[in-house]
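Asks: Chains as they are written, first to last, in the numbering used here: chain V, 1 to 115; chain F, 116 to 229.
Just so you know, these hints were derived from the structure itself, not from any lab.
Since we're looking at a predicted model, the values are computed, not measured.
Heads up, some of the hints might be wrong.
Unchecked claim - Just the calculated beta-carbon pair ranges, DEER-fashion:
1. F:175 / V:45: 35 to 45 Å
2. F:116 / V:40: 21 to 31 Å
3. V:14 / F:197: 19 to 29 Å
4. V:39 / F:229: 37 to 47 Å
5. V:53 / F:174: 23 to 33 Å
6. F:142 / V:14: 36 to 46 Å
7. V:68 / F:142: 27 to 37 Å
We put the CB at the ideal spot given by N, CA and C, even for glycine.
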Amino acid sequence: SQKIEQNSEALNIQEGKTATLTCNYTNYSPAYLQWYRQDPGRGPVFLLLIRENEKEKRKERLKVTFDTTLKQSLFHITASQPADSATYLCALDPIYSGGYNKLIFGAGTRLAVHP
Amino acid sequence: SAVISQKPSRDICQRGTSLTIQCQVDSQVTMMFWYRQQPGQSLTLIATANQGSEATYESGFVIDKFPISRPNLTFSTLTVSNMSPEDSSIYLCSVRQASGNTIYFGEGSWLTVV
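Next up, chain V with everything else stripped away, as it sits in the complex (with noise of 0.2 Å):
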């Protein structure tokens, strides 16, 4: 079956180390990858697209790898701070879709940087 994993245990890091989350997923063939994250009580924000041929991307603190080979998307934030906390979710869109480009999401994992 089709399955996007994220480990589901919360990752405790102290201000200013690397966190690396971390992504895999089974029997898709995504286009591209996304990364959001989401805050208690709100919708997710958009942070990180990579696709398929791309095997890294940067934006600020975040760095995002994808290895189709592995079937793996790892997500870093480096220099992390306290504000950095909240959930971050891979979402990815099946190149076989049905045609209705839609995003699945992995259940997320929840960040918590320690001052």
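Chain V is already provided as a structure; the job is to place chain F on it using the hints.
Replies: Structure of chain F alone, referenced to chain V:
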């Protein structure tokens, strides 16, 4: 980007009643979607709202329970019918613009069924 407004933002509903959630976008968009996020869970796609035709529902969701309208390219409604406590959830409207692959979300409508 797109600015998405959802109403109501929160509501407490009686069991057996129905509630309609509105989603207004500040620009014309090609795709509009409705998601549900139950407490502690990730987002589950309910349906794609199609302009001028019936919505396309995902497995496990039916039109009788979640009727959807999309009369134009900037507006959609989702009705949660005959509500039960299991319908307590955040309902999120999202859109995709023709020019990109990013999906933008509204702030959500938090429904509690008692």
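Asks: Hint by hint, say whether it matches the structure.
Replies: Against the structure, the hints come out as follows:
1. F:175 / V:45: 35 to 45 Å: 27 Å Cβ-Cβ, so the 35 to 45 Å window is violated.
2. F:116 / V:40: 21 to 31 Å: 22 Å, holds
3. V:14 / F:197: 19 to 29 Å: Distance hint for residue 14 of chain V, residue 197 of chain F is violated at roughly 49 Å.
4. V:39 / F:229: 37 to 47 Å: Taking Cβ atoms as reference, residue 39 of chain V and residue 229 of chain F lie about 26 Å apart, which means the hint is violated.
5. V:53 / F:174: 23 to 33 Å: Holds: the Cβ-Cβ distance is about 31 Å, inside 23 to 33 Å.
6. F:142 / V:14: 36 to 46 Å: 42 Å, holds
7. V:68 / F:142: 27 to 37 Å: Roughly 33 Å apart at Cβ, these two residues keep to the hinted range, so it holds.
Hints 1, 3, 4 from the earlier list are contradicted by this structure; the remaining hints agree with it.
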